[in-house]
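*Asks:* Single-letter residue listing:
Number of protein chains: 4
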Amino acid sequence: MEFIKENCGIAGVFRHKDASEILYLSLFSLQHRGQESAGILLTDGSSVFFHRAQGLVSEIFTPEIIHSLKGNCGIGHVRYSTTGASNEKNIQPFSVEYKGKTLAIAHNGNLTNSRILRTKLEKQGSIFQTSMDSEIILHLLVRSKGSTIKEKLAHALRQLKGAFSILIFTENEIIAARDANGFRPLCIGKLDSSYVVASETCAFDLIGAQYFRDVEPGEMVIFSDNGIDSYQWAEKTKKAHCIFEFIYFARPDSYIFTKSVYLTRKNLGVNLARECDFDGDLVMPVPDSGSIAALGFAQEKKIPIEFGVIRNHYVGRTFIQPAQKIRDAGVRIKLNPVSAVVKGKDVIVVEDSIVRGTTCRNRINSLRTAGAKRIMLVISCPPIISPCYFGIDFPSTQELIASTKSIKQIKDFLGLDGLHYLSYKGMLDAMLIPGENFCTGCFTGKYPVKPDTMFNKYQWEKSHGCDS
Amino acid sequence: MEFIKENCGIAGVFRHKDASEILYLSLFSLQHRGQESAGILLTDGSSVFFHRAQGLVSEIFTPEIIHSLKGNCGIGHVRYSTTGASNEKNIQPFSVEYKGKTLAIAHNGNLTNSRILRTKLEKQGSIFQTSMDSEIILHLLVRSKGSTIKEKLAHALRQLKGAFSILIFTENEIIAARDANGFRPLCIGKLDSSYVVASETCAFDLIGAQYFRDVEPGEMVIFSDNGIDSYQWAEKTKKAHCIFEFIYFARPDSYIFTKSVYLTRKNLGVNLARECDFDGDLVMPVPDSGSIAALGFAQEKKIPIEFGVIRNHYVGRTFIQPAQKIRDAGVRIKLNPVSAVVKGKDVIVVEDSIVRGTTCRNRINSLRTAGAKRIMLVISCPPIISPCYFGIDFPSTQELIASTKSIKQIKDFLGLDGLHYLSYKGMLDAMLIPGENFCTGCFTGKYPVKPDTMFNKYQWEKSHGCDS
Amino acid sequence: MEFIKENCGIAGVFRHKDASEILYLSLFSLQHRGQESAGILLTDGSSVFFHRAQGLVSEIFTPEIIHSLKGNCGIGHVRYSTTGASNEKNIQPFSVEYKGKTLAIAHNGNLTNSRILRTKLEKQGSIFQTSMDSEIILHLLVRSKGSTIKEKLAHALRQLKGAFSILIFTENEIIAARDANGFRPLCIGKLDSSYVVASETCAFDLIGAQYFRDVEPGEMVIFSDNGIDSYQWAEKTKKAHCIFEFIYFARPDSYIFTKSVYLTRKNLGVNLARECDFDGDLVMPVPDSGSIAALGFAQEKKIPIEFGVIRNHYVGRTFIQPAQKIRDAGVRIKLNPVSAVVKGKDVIVVEDSIVRGTTCRNRINSLRTAGAKRIMLVISCPPIISPCYFGIDFPSTQELIASTKSIKQIKDFLGLDGLHYLSYKGMLDAMLIPGENFCTGCFTGKYPVKPDTMFNKYQWEKSHGCDS
Amino acid sequence: MEFIKENCGIAGVFRHKDASEILYLSLFSLQHRGQESAGILLTDGSSVFFHRAQGLVSEIFTPEIIHSLKGNCGIGHVRYSTTGASNEKNIQPFSVEYKGKTLAIAHNGNLTNSRILRTKLEKQGSIFQTSMDSEIILHLLVRSKGSTIKEKLAHALRQLKGAFSILIFTENEIIAARDANGFRPLCIGKLDSSYVVASETCAFDLIGAQYFRDVEPGEMVIFSDNGIDSYQWAEKTKKAHCIFEFIYFARPDSYIFTKSVYLTRKNLGVNLARECDFDGDLVMPVPDSGSIAALGFAQEKKIPIEFGVIRNHYVGRTFIQPAQKIRDAGVRIKLNPVSAVVKGKDVIVVEDSIVRGTTCRNRINSLRTAGAKRIMLVISCPPIISPCYFGIDFPSTQELIASTKSIKQIKDFLGLDGLHYLSYKGMLDAMLIPGENFCTGCFTGKYPVKPDTMFNKYQWEKSHGCDS
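Protein chains in written order, with numbering that gives the first Met the number 0: chain A, 0 to 467; chain S, 0 to 467; chain D, 0 to 467; chain Z, 0 to 467.
Simulated from the structure, these hints should not be mistaken for laboratory data.
Any given hint might turn out to be false.
A pair counts as met if it fits within one copy or between any two copies, since identical chains are not told apart.
Think about it this way: if two alpha-carbon atoms lie no more than 20 Å apart in a straight line, the pair counts; the simulated EDC-like pairs of lysine to aspartate or glutamate are [to be verified]:
#	residue 1	residue 2
1	K100	E121
2	K238	E398
3	K144	D416
4	K16	E170
5	K98	D451
6	K333	D287
7	K122	E150
8	K301	D280
9	K333	E218
10	K144	E172
11	K344	E170
12	K189	D224
13	K237	E218
14	K404	D287
15	K144	E121
16	K69	E35
17	K258	D213
18	K235	E218
19	K189	E150
20	K258	E215
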């Protein structure tokens, strides 16, 4: 899997004395959901403390900083923002001053009517700091009618279209909410006598919390000194969980949408083995994303699994691209084939998905150089043919290899001796929840929510700058 | 002079190909008006580029950064913000996204009705990012009625009370404006066929521009591709230039309010000599702020001038305070007495002003240790007895030594053999413009504009954080 | 495997136009051999260029730095220095000025007579900059009799005892040499028409070089403009390759001592399976060091392999240790159990080795918390009972769990239901070269070379400082 | 004065509990003697602590670092190293490990037989880390015969030729020594019951120490737990104090060679006034180096002194050179003329010296642009026609404007209406010690010590690198 960037992971905690540490560890667990920037914001009841910066969680949050972030209630965020120099303004949690108080939001997902909302708000006199959807939500909240935060937020959320799992921070409560379709995950845990919230349950494992339940689609859950309060702000509608969370995004040790990612992925491998008649000397995953499907595939096929490529753990984010002459280095830097394993062998490579195909082609080529005789590639999902409007940063349709090439053409482009994609039915059958509860738009082009017609043409980003 | 912090210096340029360099050099020249943070924002007509950071201009703006700031129109700012961890959000120029365009402001001065305006705006649904007055001005601008930017800005400015010299940046024009009383300076220059704007004319010297004229009190000057356009947005009223700009703030090589700072300061020294009957072996300035008045004083008195203390140019902003034992080091680090000059002598020390008196006392003490026999201190302005509401960060009235002590008590507190303050009349007579055109509130407690009653009690700052 | 720190990896290149890039990529490949500091030093024939710093290769060497390192001949080094603040002086390559030329060394291994040599040199007037063995080698070289560098170096090397794979840089040649026993690996490759040298062949894969041959024990290989010249400086003696390189240190995709690390490690797993009668629901590795032995074990046992713990790739080196209350976080940060996989199961965990046992105990505990029913641990080498004098930074004998506890006691300490170590014979049988060619001192306490009696008591380090 | 770089300032302290602070403040006072790097090294009797880095004292030494430098005895150094990327190795104090102890040196001056000594040492087997003379001294010390440190050091010093004021650090004593001619200053002070040493007495002012006496030419002073011990290691010879220390280098508030720098400089101005028949409207110094001579000149001439140029205190070391178009900015950045003062006036400018003349020409030009009518320049020393071999980094003879141009030609080159240099006799008469006690080689080409013939051709510097 290559080039796919999830937008965000979010975490929250209400009234726990180790709040900054809990948020730090939670974000650390959710790092795979966004590696570009991170932030934590919390309150001790009288002041608000925050730190937001570009970089990995483990780099940004030094012990001094964690220590300086006082408080027992707060929210955090990891982000993979799209390109552009103006990223620094877009780091979350996003906060504003309102009536002498701090109001903040952490958001995972994508609104599909953001342009319409923004234009409307500007007509009413609002001015914006950032190009983030999240800022729109706060503007709507502040302008909403209603006597309670619950009513005001419900009023705001009902104006939104698209995908959003959010955490709202006021100085008195933390509110977790999900869109009506439940595109992105959001889980509640218990730690000691406090509540925690996170995009995935792997965060709970790290902090020693117990999984309690999911925030439901269309629900908001309010954590305050009055306890936990639930409110169904949207009418029940069709569920549309992102199936790609199971295929690639989520960590295998997480439960999302209440089910195990690991077991689902292994099922994908098993179904793939059943559908595909390839034979070979060994099965090998593209680590780490193809590893678990490869296990299922190998066990079902009764072909030995081998680690035919070794992943280098020291790849930093600023790795220098070597000169043209040093061929293959760009690929081998991250994944180096083990020639002692693949030389002269017929190998079946298990990969989770193909997006553009260029990285994949380089990897196949590097395997060939290492001496593999025949190379067959099996993919644990169907061809990706359509973009995502709900938070996954797929490239445009034209760049998706499967939208413009036939399976035969892809096989030739990648230089393979065999290529098999898991069928649509095979994918749905592997899931531990009914297939109709998923958004599978990237595989079918059919979306549960129609995006704003102006959605794609719209470009907010114009500034190139730096605040530091 | 000690502990006084001016709030800001501002600069702008319209349609010059070296815009980023011009703003950089201008801010560098205005560094004495604010050393805590600086920022430049400009546009090349299609994109907006900016850099804002804490630190000195020469530290923040590396050649790479200056080079990356493309464009030919822009504004810049240097700031001495008040204390608190939330400074980073308050760096100017402050910019927002509005209808797909960037709108920005650079501001020198202080509004006296900010609390009232802010509360009113929040009631209408505005949310704020910062605690800066400047943000209020943009909110008012965006909400103003009017078909042109000129009308809209005039409508906004008419709601403001207090001191403001501002630069407004839209992607098509730069607008310079001053409050109706003209508290803070703002000058227009010409460079090649372009216009530049700066708080003081010393910026024009550095970039090789010619001084053109001042932005008048109550005027806005619009620089656009239609040329330069002037509009008197406020009715004519009494002028109230800050007299302290002449006494201490402005650079001696600048002209402000159309007059030479150097010549004014020398006059202050001459008048001081005429009023005061001290005699001594030598006259010595407290460098650099007392240097020019000392020249006038010595020439008028016909007593030789000597450099009795030497200023160390390597004092950084993070200088370590030495242990108690190493006496005097804290004072001598910056100014070391020359014992070869002062030993056994009757010295007349010329200082521009006294605020709290504590630094002054340490300096007198250090001169005494170096062997001075008799020490007489003369001050080139009257006693400061009242705070400033228009942009100077004086301490509270209680901390102003002259508000609680008599001249005799101050002399004793400072350990002097003689102390003479310039008279109020002597100060006004030294000015090159009529005395009634000044705000002298810090010396009299009488202010040209009445501040908002809630002004002093109000505290916006509650967050402690860091964006980086 | 825990707490073991190899001292170094080294790399060299002679006359290749992309020399700095080649060294950079080679060091990157050898990063697992030392993560504390790295350095590159090269020459373009007229000047010498270098960069040495603390940190990971990918962090230290920015594109600008790589570009500034001009030249076509050079050497590089990655290091895991022992603790202490004076590390910065000890970064390699270590270089000196001698007769107007630069002489430098990169060294992997440990001398066992360094104290004796050092004392002798000081008596003769030598003064030392560092506490590194490597500096001694240069002093001996400079003082050696002989008309050629070959003779002088041979004379110097014959005075050394212990383990050393070294690269010597003069401005005209690169010389690769190994101690007479061949403790540490050192391989020669060919790239285009140039020679490259590296600790392991994985470096050659990355730069696209072909493995040529090993530098032999007791050999020095001189790369100069006269081509490649070999000289056997020591008499043939018993080989003593470090067997731990195969068990843990070397990368699985490398060949060292001419054999595949991957295939050797898989054999270790197979032999372990044959020796051990444990049964279970699944076999799981402790990633990544136990992964390949686990494959061999699972295949031989015909028990399915599962990834029962997931490795987090974002663990930085400055990770904050959470408060005591957040139990298990310290362990789970790096390796999180997959409860969906292990809950209620009898699991056989494959680990490469146990040193102190404390980390291992925490991991077992964390598996138990995740729901594993029975946990059996199998180790792909015998108990480690004795320190290493030849370059591996094992703890002292007392801290080695197997030197003070019986297998039964270790099992109890770790909280296991079963524990099995690979037998000494099983380990040697798994090797692809004869058992007598290895140093197995850490398993037996019998060493091929007797260390200097003062070796352990000696402490050079006294300074605490920082050059930057 | 332009482009002249003194090599170093040194400071030491023996047995004072605030040793790190004392060295920090001393180096801070001596910052004008070297701005490129600084270092402190001290001992608490059991360990040695140090910090050395590039940058200003106030930047390098944070409170944390000062706090971490434990000990009561130590030495410090500020340096202006010559160009080249290998500067970092050359930061002082330079230290080595010898027989398990630390030996260190801080050095001000230049040896003139360094090449001969170095070659001889290398023949005996010494290897060098740096290109610094200082390293040679330590090698000689270590190899010297003698039973005491006093004898050994005397033996080493007798082999040196040229200029050196040094501090030697052993773990038990601090030794201060000067060459036989006493080229560079070195003063002893008393603080509480401890001794301190520094290049100039201004350091004593800052730490509150009392000046005690100078280290004499040819003397070494040993500070140990046995008290203070003096030893005349060289026979008495002609004194040769650097006269340029009085003219430019030393701080005006210092006493060096027992005399006041301020009073000497004022005398230079007085003598200049007596020799020169220029008349004008005002006298103005080039600040700060010409300021005191200008005072003397103006008082003697009875022409008013004015500050015709203002110095900007915010000029950092990395100031960006503006584009060609923005004329004069490069000059005005540091010194801006005050047009209100100079416009239409005949001005006499007082400068301490001229080296290349290029900076001076730009300044004269910028004064002209500001409106000065006639500009006469007077220089408070004779023409510099010859290089310095004893520690001042003058450019080569060819680059010294006075070595290739007549006074008339220099006047024309600088664009002046008048130019007068102080006569040689006028300079000597201004001194407070007899003229024969000075080295005046830069004005006469006659040197008290003949430099090594190879001195100028020799280039040790070949490496370009960076340790960090």
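*Asks:* At most 20 Å between CA atoms: does that hold for K189 and E150 within a copy, between copies, both, or neither?
*Replies:* neither (26 Å within a copy, 57 Å between copies)
*Asks:* Can you give me the call for K333 and E218, within, between, both or neither, at a CA distance of at most 20 Å?
*Replies:* The answer is neither: 42 Å in one copy and 34 Å across copies each exceed 20 Å.
*Asks:* Measure nothing new, just compare the shortest in-copy and cross-copy C-alpha distances for K258 and D213 to 20 Å and report within, between, both or neither.
*Replies:* For K258 and D213, only the intra-copy Cα distance (11 Å) is at most 20 Å; the inter-copy one is 52 Å.
*Asks:* 20 Å Cα cut-off: does K69 pair with E35 within a copy, between copies, both or neither?
*Replies:* neither (24 Å within a copy, 25 Å between copies)
*Asks:* If the cut is 20 Å between Cα atoms, do K235 and E218 qualify within a copy, between copies, both or neither?
*Replies:* within (10 Å within a copy, 59 Å between copies)
*Asks:* Measure nothing new, just compare the shortest in-copy and cross-copy C-alpha distances for K258 and E215 to 20 Å and report within, between, both or neither.
*Replies:* within (14 Å within a copy, 56 Å between copies)
*Asks:* If the cutoff is 20 Å on CA atoms, where do K144 and D416 land: within, between, both or neither? Let me know, please.
*Replies:* neither (63 Å within a copy, 63 Å between copies)
*Asks:* Within a copy, between copies, both or neither: which one fits K189 and D224 at a CA-CA cutoff of 20 Å?
*Replies:* within (15 Å within a copy, 62 Å between copies)
*Asks:* With identical chains, the pair K100 and E121 could be close in the same copy or across copies; at 20 Å between alpha carbons, which is it: within, between, both, or neither?
*Replies:* So K100 and E121 pass the 20 Å test across copies only (12 Å; inside, 23 Å).
*Asks:* Between the shortest in-copy and the shortest cross-copy C-alpha distance, which are at most 20 Å for K144 and E121: within, between, both, or neither?
*Replies:* both (18 Å within a copy, 14 Å between copies)
*Asks:* Treating 20 Å as the Cα threshold, decide for K122 and E150: within, between, both or neither.
*Replies:* Result: close only across copies, 17 Å inter versus 24 Å intra.
*Asks:* 20 Å Cα cut-off: does K144 pair with E172 within a copy, between copies, both or neither?
*Replies:* within (19 Å within a copy, 38 Å between copies)
Hint compliance for this structure: hints 2, 3, 9, 11, 14, 16, 19 are broken, all remaining hints hold.
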